Amino acid sequence: MKTTNIKTLTKPTNDVQQKIIAAALELFAVNGYSATSVDSIATKAKISKGLIYYYFRSKEDILKGVFGYLLTKTGMLYEGTGNRTPQQFLKKLVDDSFRLIVRQKKLYRLILALTIQPEVVKGLRVELESVRKLWMEGLVQVFAALGYAQPETEAYLLVALFDGIGLAYLSMPDYPIQEIQQVLENKYNL
Amino acid sequence: MLWLMEEMIWIYKTNVSVATDFTALRRLLDNTPGIQTWSIDLEDCDKVLRVVAKGIQSKDVVDMLVSCQVQATELPY
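Sequences listed follow chains D and U, in order.
Residues in the first sequence are numbered consecutively from 1, following the numbering used here.
Residues in the second sequence are numbered consecutively from 191, following the numbering used here.
These aren't lab readings, by the way, just hints derived from the structure by calculation.
Treat the numbers as computed from the prediction; the structure is a model and nothing was measured.
Where is the CB? At the ideal position from N, CA and C, for every residue including glycine.
Fair warning: there could be bad hints in the mix.
As the list claims (entries may be wrong) - Below 25 Å or equal to it, Euclidean Cα-Cα: the simulated SDA-like pairs (lysine to any residue) are:
| hint | chain 1 | residue 1 | chain 2 | residue 2 |
| --- | --- | --- | --- | --- |
| 1 | U | 249 | U | 228 |
| 2 | U | 237 | D | 60 |
| 3 | U | 203 | D | 92 |
| 4 | D | 92 | D | 130 |
| 5 | D | 106 | D | 42 |
| 6 | D | 46 | U | 233 |
| 7 | D | 64 | U | 266 |
| 8 | U | 237 | D | 31 |
Said to hold, decoys possible - Label-pair ranges, simulated between beta-carbon atoms:
| hint | chain 1 | residue 1 | chain 2 | residue 2 | range |
| --- | --- | --- | --- | --- | --- |
| 9 | U | 213 | D | 119 | 24 to 32 Å |
| 10 | D | 141 | U | 213 | 18 to 26 Å |
| 11 | U | 197 | D | 175 | 21 to 29 Å |
| 12 | D | 175 | U | 209 | 30 to 38 Å |
| 13 | D | 40 | U | 208 | 48 to 56 Å |
| 14 | U | 244 | D | 119 | 41 to 49 Å |
| 15 | D | 80 | U | 211 | 45 to 53 Å |
| 16 | D | 14 | U | 208 | 18 to 26 Å |
| 17 | D | 160 | U | 205 | 48 to 56 Å |
| 18 | U | 233 | D | 69 | 14 to 22 Å |
| 19 | U | 213 | D | 126 | 22 to 30 Å |
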């Protein structure tokens, strides 16, 4: 433990912040957000409770940190279409989503477990809505540009497909994930 | 004397409860020169107070909290 008079000389690092987020993500997903205390996060991360509060104001603040981490880690941080054509944008989205489902199975399982908890949805209401809105607006633009008659409905459908495919892949051992990706790419002429 | 020049973060375990006069506590923390921001995690069992300050010492915060009947113990990190 560091003492007060040397705190400024030995400020905690971002590595510690990552340890806190990783421990919290696992505990929130496995035990539930409500049942997870800051003490249990400290124990799992093998750091002091004081150090957690150095970085985060509250458990809800940690949850927001976890959300930010997931957005970056999963590539789900909306960055616009950039210079991509609508088809290139959709192709990248499909590739990234399937890559997350297949290659980061454990992380995807944690995300699913996390996002179905009412307390989490409540705590992240503003953030989730903001991300959802950005993605929906982007997808609607893309489907409109591709000439779909109901671009908004098509956007909702694609999001629902990703959710369903991810859930099925996690629960069915022989799920034909590659064939499903191919079908989806064919559907959108990617 | 680093506390005079640099922004410090102090974490305290407190006995804040429903009996605490939050209006007085808020007024005290908001109006104390040197305290830049503060927050209390009321969901945590230790009712953790986090203070970001510059130009005052941790023990000054602990001492002034007593006027609001709040006992604070600094948590090390």
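Results of checking the hints against the structure:
no. : hint                         : verdict
1   : U:249 with U:228             : holds (16 Å)
2   : U:237 with D:60              : holds (14 Å)
3   : U:203 with D:92              : violated (48 Å)
4   : D:92 with D:130              : holds (21 Å)
5   : D:106 with D:42              : holds (22 Å)
6   : D:46 with U:233              : holds (21 Å)
7   : D:64 with U:266              : holds (24 Å)
8   : U:237 with D:31              : holds (22 Å)
9   : U:213 with D:119: 24 to 32 Å : holds (28 Å)
10  : D:141 with U:213: 18 to 26 Å : violated (49 Å)
11  : U:197 with D:175: 21 to 29 Å : violated (52 Å)
12  : D:175 with U:209: 30 to 38 Å : violated (56 Å)
13  : D:40 with U:208: 48 to 56 Å  : violated (25 Å)
14  : U:244 with D:119: 41 to 49 Å : violated (35 Å)
15  : D:80 with U:211: 45 to 53 Å  : holds (49 Å)
16  : D:14 with U:208: 18 to 26 Å  : violated (37 Å)
17  : D:160 with U:205: 48 to 56 Å : holds (49 Å)
18  : U:233 with D:69: 14 to 22 Å  : holds (21 Å)
19  : U:213 with D:126: 22 to 30 Å : holds (27 Å)
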